[in-house]
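S.K.: Sequence:
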Amino acid sequence: MLQPGSTYSAVVGAVIANQREILDVSQAQLAEAVGIGQPAWSRIEKGESALTIDQLARAASRLNSSPSALLHMADRTVTEMREQELKISYEKPQRKSNAAKNTGLLLLGGAALATLIYAANKSK
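Residue numbers (the numbering used here): 0 to 123.
The set of hints was computed from the structure by calculation and includes no laboratory data.
Glycine included, C-beta positions come from ideal geometry on N, C-alpha and C.
One thing to keep in mind: the hints can contain errors.
Stated by the list, open to error - The calculated lysine to aspartate or glutamate pairs, modelled on EDC-like cross-linking and capped at a C-alpha distance of 16 Å, are:
id, residue 1, residue 2
1, K91, E20
2, K91, E79
3, K45, E90
To be verified - Beta-carbon label-pair distances, calculated as ranges:
id, residue 1, residue 2, range
4, Q28, E84, 19 to 25 Å
5, S65, Q37, 20 to 26 Å
6, A39, Y89, 30 to 36 Å
7, I21, A56, 28 to 34 Å
8, S41, L70, 17 to 23 Å
9, G36, Q83, 33 to 39 Å
10, E31, E82, 32 to 38 Å
11, A68, G34, 18 to 24 Å
12, Q37, T78, 16 to 22 Å
13, Q37, S60, 29 to 35 Å
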């Protein structure tokens, strides 16, 4: 069952992670292209940290995409989530001390979110 209350940052991170995996790009490779360390990139993909516009642009370039295409996929995923009556938070990701209390609210199961991303983008 999907968990309600995921952040938009988590959805964007999951969309990027999905595209990265499709292209067989490692987290370390994408982190290097973006100009940050792999642990920081992992936090972005999990929605624990928000990425900047510049980071989004560099990630999109490495993934042979555009920032707008990645955000469009995220928006379509959010639409699918809302249709399933799941809530999305547009709040800034919380630090670990607070996030630990809300783990179930912040993250969707990886496979479930991947399914939503696939469904959202299949209907383009």
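S.K.: State for each hint whether it applies.
M.R.: To see whether the hints hold, each was checked on the structure:
1. K91 x E20: With a Cα-Cα distance of about 25 Å, the restraint between K91 and E20 is violated, given a limit of 16 Å.
2. K91 x E79: Violated, because 21 Å separates the two Cα atoms, which is more than 16 Å.
3. K45 x E90: holds (15 Å)
4. Q28 x E84: 19 to 25 Å: violated (37 Å)
5. S65 x Q37: 20 to 26 Å: Roughly 24 Å apart at Cβ, these two residues keep to the hinted range, so it holds.
6. A39 x Y89: 30 to 36 Å: Because 22 Å falls outside the window, the suggested range is violated.
7. I21 x A56: 28 to 34 Å: violated (19 Å)
8. S41 x L70: 17 to 23 Å: The hint (17 to 23 Å, Cβ to Cβ) holds, given that S41 and L70 are roughly 21 Å apart.
9. G36 x Q83: 33 to 39 Å: Cβ of G36 to Cβ of Q83: about 35 Å, so the range 33 to 39 Å holds.
10. E31 x E82: 32 to 38 Å: holds (37 Å)
11. A68 x G34: 18 to 24 Å: Between A68 and G34, where Cβ atoms are some 21 Å apart, the hint holds.
12. Q37 x T78: 16 to 22 Å: violated (31 Å)
13. Q37 x S60: 29 to 35 Å: At 18 Å between Cβs, range violated.
Figure legend: structure checked against the earlier numbered hints; hints not met, in rising order: 1, 2, 4, 6, 7, 12 and 13.
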